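Protein chains: 4
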Amino acid sequence: MLETYPQPISLDRVQLASTIDIIDDCAEACTACADACLSEPDVAELTKCIRTNLDCADVCATTTRVLSRHTGYDATISRAMLVACVTACAACAAECGLHAEMHEHCGICADACRTTEQACRDLIAAMDS
Amino acid sequence: MLETYPQPISLDRVQLASTIDIIDDCAEACTACADACLSEPDVAELTKCIRTNLDCADVCATTTRVLSRHTGYDATISRAMLVACVTACAACAAECGLHAEMHEHCGICADACRTTEQACRDLIAAMDS
Amino acid sequence: MLETYPQPISLDRVQLASTIDIIDDCAEACTACADACLSEPDVAELTKCIRTNLDCADVCATTTRVLSRHTGYDATISRAMLVACVTACAACAAECGLHAEMHEHCGICADACRTTEQACRDLIAAMDS
Amino acid sequence: MLETYPQPISLDRVQLASTIDIIDDCAEACTACADACLSEPDVAELTKCIRTNLDCADVCATTTRVLSRHTGYDATISRAMLVACVTACAACAAECGLHAEMHEHCGICADACRTTEQACRDLIAAMDS
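Chain order of the listed sequences is G, R, E and Y. Going by my numbering, 6 is the number at position 6 of the first sequence; the sequence numbering is gapless. Going by my numbering, 1004 is the number at position 4 of the second sequence; the sequence numbering is gapless. Going by my numbering, 2089 is the number at position 89 of the third sequence; the sequence numbering is gapless. Going by my numbering, 3018 is the number at position 18 of the fourth sequence; the sequence numbering is gapless.
Hints were generated in silico from the structure; no laboratory data involved. Nothing here was measured: the structure is a model prediction, and the numbers come from that model. Don't be surprised by glycine CBs; every beta carbon is placed ideally from N, CA and C. Hints are supplied without guarantee of correctness; some may be wrong.
Stated by the list, open to error - Chain Y is nowhere near these chain E residues, computed Cβ spacing over 12 Å in every case:
1) M2001
2) P2008
3) D2012
4) D2024
5) A2044
6) V2083
7) G2097
8) Q2118
9) D2128
Stated by the list, open to error - With beta-carbon atoms standing in for the labels, derived distance ranges:
10) A3125(Y) to E1104(R): 47 to 53 Å
11) D2042(E) to D1111(R): 46 to 52 Å
12) A44(G) to D1111(R): 41 to 47 Å
13) S2010(E) to D1042(R): 24 to 30 Å
14) Q118(G) to D1122(R): 34 to 40 Å
15) I9(G) to A3125(Y): 34 to 40 Å
16) D3012(Y) to I124(G): 46 to 52 Å
Claimed, not checked - Simulated coverage check for chain G against chain Y, where a stretch passes if three residues somewhere in it have a Cβ under 8 Å from a Cβ of chain Y:
17) 40-53
18) 65-77
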C-alpha cells in the first residue's frame, strides 16, 4: 500500500511498512493478552498487566495511524508518538514478562512488545540520522 | 495468540483469527488510502472517498477489538459490530471502486474492503449456524 | 463546532450535537468503570463487566467519530453504528446494573449507558422519519 | 466518575478530571474540523490541516484513555503520552491557526488545541512536582 502513495516520503518505505506491521501486531497481541488475563483464575494478580496491555494497545494503535500518514508530514508528532510507543512497549514487556512462565499469552505479548520497542527505536534513529 | 486463550471460545479459532487479521489489514488500508487521497492533485474529487475511508478504518478497528475479546462473550455485540463492518466495507469498496482506475491505492483498498465484507458475512453465518 | 460545518447536514444539528456529547461521556464512563472494576477487591466477579465496558467504550468512540463526519454522508454507516451502539450500551447497562449496589462506578456507568442507548434510538428514529 | 475510583490516585482528582474533559473536547473538535475542512471549496489548501487534525484526534483519544486508568499506574506512560499530546496540539494549533480567519471551525479548533496543550503542560508540571 505504501508504494502507491503519490508523493515523496521522508522515511524509507520498506522500513516504515515493516515497522507499521510490527506495531500493528503488537496492538493486537496486547488487546488479546488483556482479555486472556481477564479469564485467568488468578486475574487478581494480573490487574496491572491488564491495564498496561490496554494502554499499550491504545498507544500502538495511534502510533500506526500517525506513521501511516505522510501528507503534510510533521516529524515532531511522529517522533513523540514513537517515543510514547517505546515507553509503553517497554513497560508492557516488563510487566508481561513477570507472568510469562505462568501464562503463555503473557510470554507472546512480552516478545511482541520487545520487538516493537526495538523497531520504534530503529525508526527514531533513522529519522534522526 | 488465540490458541493461548485459557477458556473455551464459542467460535472456530482458526476462522476467528483469520477474520481478525483480514479486518486489521483493511483498517490499515483505509487509513493509508485516506492519506494517499489527501495527497492527490484531484483531492477535491476524493472527499467522499476520504470520509468513507476514515469511517471504515474506525469501524474495522473497533470490530477487531470486539472480536479479540472472549471473556464474558455477548454474541449480540459481536454480531452488531460485524453488521456495521459489512456495511462500512461495502460502502468503502463501492466508493474506492469508483477511483480504482485512476488511483492504485483506491483499487487496493476496494479489494481489501470486499475481502473484509465477505469474511465478516462468513463469520456472521458461522455465528448463526 | 457543528454550527461551523460549511454544508447542509441531513440531521438536526442540535439533536446531533447533543447525541455526540452523550455518547462521548458514555465512552469515558465505560473506560473509567473498566479501570475502577480492575481495582476492586472482587475483580474476579467483575470480569464480564470489564469486558463489556471495554467493548462499549470502543463502540461509543467509533460512533461519535462517524456521527461527527458529514462530508459524503452515507446514512447506512451511521445507522449501522447507531444500532451497534444501542446494542453495546444495552448490554453494558445490564451488566453494570448487576453491580450498581455494590460499586458506585457501575451505577453511574449503567446510567450513562441507558441515556446513550435512548439517545441513539431517538437519532435512529429521526433518521427514519 | 473519578471520585468513585476505589484506590488512591497519585494525581489531584479535580485537575485530572478537568484535563481529561479538555483533551476529550479537543479530540472531538479535531475530528469535526478535519471533516469540515474536507467540505470546504478550498480543500486542496487544507490537506496538511486535515492530516494534522486526524493525528491530533487520535493522539488526544489515546491520551484521555491512558489518563483515565489508575490501576497499576505507570507514570512513564502517562508522561510520554502527555508529551505527545502537547506536541500534536501545538502542531495542530499552529496549522489550524493559519486558516482561522478564513474558516471559523479552524479558529475554534486552534483554540481547543491551545487550551489542551496548556492543560497537558500543567499536568506534566504537577506530575514532576
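Legend entry - Range hint compliance [Cβ, S2010(E) to D1042(R), 24 to 30 Å]: 26 Å, holds
Inset, instruction - Go check the stretch 65-77 of chain G versus chain Y for me, would you? Three or more residues, Cβ under 8 Å, otherwise it fails. - result: holds (count 8)
Legend entry - Least C-beta distance from A2044(E) to chain Y larger than 12 Å: Label holds. Min Cβ-Cβ 14 Å, cutoff 12 Å.
Inset, instruction - Hint says 47 to 53 Å; check whether the CB-CB distance for A3125(Y) and E1104(R) agrees. - result: 48 Å, holds
Legend entry - 8 Å C-beta criterion, at least three residues: is the stretch 40-53 of chain G covered by chain Y: holds (count 6)
Legend entry - Exclusion check [V2083(E) not at the chain Y interface, CB over 12 Å]: 21 Å, holds
Inset, instruction - Using the beta carbons of A44(G) and D1111(R), state whether their distance is inside 41 to 47 Å or not. - result: 46 Å, holds
Legend entry - M2001(E) non-interfacial with respect to chain Y [C-beta, more than 12 Å]: Check fails; 5 Å does not lie beyond 12 Å.
Legend entry - Given as non-interface: D2012(E), partner chain Y, CB spacing beyond 12 Å: About 16 Å separates D2012(E) from the closest Cβ of chain Y, which puts it past 12 Å; holds.
Legend entry - CB-CB spacing for D1122(R) and Q118(G) relative to the 34 to 40 Å hint: This hint holds: roughly 36 Å between Cβ atoms.
Legend entry - Beyond 12 Å from each Cβ of chain Y, as asserted for G2097(E): 15 Å, holds
Inset, instruction - Could you let me know if the closest chain Y CB is still more than 12 Å away from the CB of Q2118(E)? - result: 20 Å, holds
This entry does not satisfy hints 1, 2, 4 and 16, going by the numbered hints stated previously.
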